[in-house]
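Protein chains in written order, with the working numbering: chain A, 1 to 99; chain B, 1001 to 1121.
It should be emphasised that the hints constitute simulated quantities derived from the structure, not laboratory data.
Here are the in silico distance ranges between beta carbons for each label pair:
{"no.": "1", "chain 1": "A", "residue 1": "A54", "chain 2": "B", "residue 2": "L1073", "range": "12 to 22 Å"}
{"no.": "2", "chain 1": "A", "residue 1": "D55", "chain 2": "B", "residue 2": "V1106", "range": "44 to 54 Å"}
{"no.": "3", "chain 1": "B", "residue 1": "W1076", "chain 2": "A", "residue 2": "E83", "range": "21 to 31 Å"}
{"no.": "4", "chain 1": "B", "residue 1": "V1105", "chain 2": "A", "residue 2": "I24", "range": "27 to 37 Å"}
{"no.": "5", "chain 1": "A", "residue 1": "I3", "chain 2": "B", "residue 2": "A1066", "range": "22 to 32 Å"}
{"no.": "6", "chain 1": "B", "residue 1": "L1073", "chain 2": "A", "residue 2": "L53", "range": "20 to 30 Å"}
{"no.": "7", "chain 1": "A", "residue 1": "A66", "chain 2": "B", "residue 2": "V1014", "range": "20 to 30 Å"}
{"no.": "8", "chain 1": "B", "residue 1": "H1009", "chain 2": "A", "residue 2": "V9", "range": "12 to 22 Å"}
{"no.": "9", "chain 1": "B", "residue 1": "R1108", "chain 2": "A", "residue 2": "I3", "range": "45 to 55 Å"}
{"no.": "10", "chain 1": "A", "residue 1": "D55", "chain 2": "B", "residue 2": "D1107", "range": "45 to 55 Å"}
{"no.": "11", "chain 1": "A", "residue 1": "V4", "chain 2": "B", "residue 2": "F1064", "range": "17 to 27 Å"}
{"no.": "12", "chain 1": "B", "residue 1": "V1105", "chain 2": "A", "residue 2": "A54", "range": "43 to 53 Å"}
{"no.": "13", "chain 1": "B", "residue 1": "V1105", "chain 2": "A", "residue 2": "V4", "range": "34 to 44 Å"}
{"no.": "14", "chain 1": "B", "residue 1": "H1009", "chain 2": "A", "residue 2": "S25", "range": "39 to 49 Å"}
Below, computed lysine-lysine pairings styled on DSS-like, alpha-carbon distance capped at 25 Å:
{"no.": "15", "chain 1": "A", "residue 1": "K21", "chain 2": "B", "residue 2": "K1045"}
{"no.": "16", "chain 1": "B", "residue 1": "K1102", "chain 2": "B", "residue 2": "K1045"}
{"no.": "17", "chain 1": "B", "residue 1": "K1045", "chain 2": "B", "residue 2": "K1095"}
{"no.": "18", "chain 1": "A", "residue 1": "K21", "chain 2": "B", "residue 2": "K1102"}
These stretches of chain B come out as covered by chain A in the derived footprint (C-beta under 8 Å, 3 or more residues):
{"no.": "19", "segment": "1010–1023"}
{"no.": "20", "segment": "1031–1045"}
{"no.": "21", "segment": "1049–1055"}
{"no.": "22", "segment": "1062–1071"}
{"no.": "23", "segment": "1079–1089"}
Using N, Cα and C, we set each Cβ at its ideal position, and we do this for glycine too.
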Amino acid sequence: MDIVYVVSVVVVLVGMLAVLKRVISGPTLLDRLLGVNVIGTKTIVLLALIGFLADRPGFFLDIALAYALINFIATIAVLRHFEARFRGRASAVTEEEPS
Amino acid sequence: MIDFGNPVHLIAFVVMAIGLFFDIVGCLGLVRLPDVYNRLQAGTKCVTLGTFLILLGVLIRFGFDAMGVKALLCLWFIAMTSPTAAHAIARAAHKAGFPLWKGSVVDRYAGSKEDPKGVAS
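Excised from the complex, chain A in its bound form:
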């Protein structure tokens, strides 16, 4: 257990919590999608750091690689759906105007 990596993991987790606040409250669907994408990217960092903590970085980097693939494909798939359904109808997915 190395204090440097523990501190790094805590920093990444605090950042993820901050982004989760945006995912929950974000006024538009695209804000939420962006937040989910950023959380996925940070999960890769988290997995790399947890690999150091568990002393098996190779194993966790495999999972991180698979997670990166899934994250990208999920974002693109949701965007395809969004573009097809809501073209030119921003008001249909906006709960409040960004100020």
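Given the coordinates of chain A, assemble chain B onto it according to the supplied hints.
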């Protein structure tokens, strides 16, 4: 595990610390900025660079063995896909007609031939 007397470990640690700084700044921007286009800029540039630097730190720490090459592959994939996803989100937002923040000064995409409807800001 981390050995500050070893220069390779020290360089890897400094690179990872810079990456963590960029990550946390990106999260702060994602929470604080006013509209989806501004948030895209904070949420993808900073977080991509932060992730890139942390994985680069892993690569420096291990060199080109099995783990280092996995980190390099992961790093390359992040550098390719994260900007692509950000571009797709921005394009979808503009096509759906989300307005720009009132302090934004220029929107070159509106009215260009790529823009299907010429949605003004």
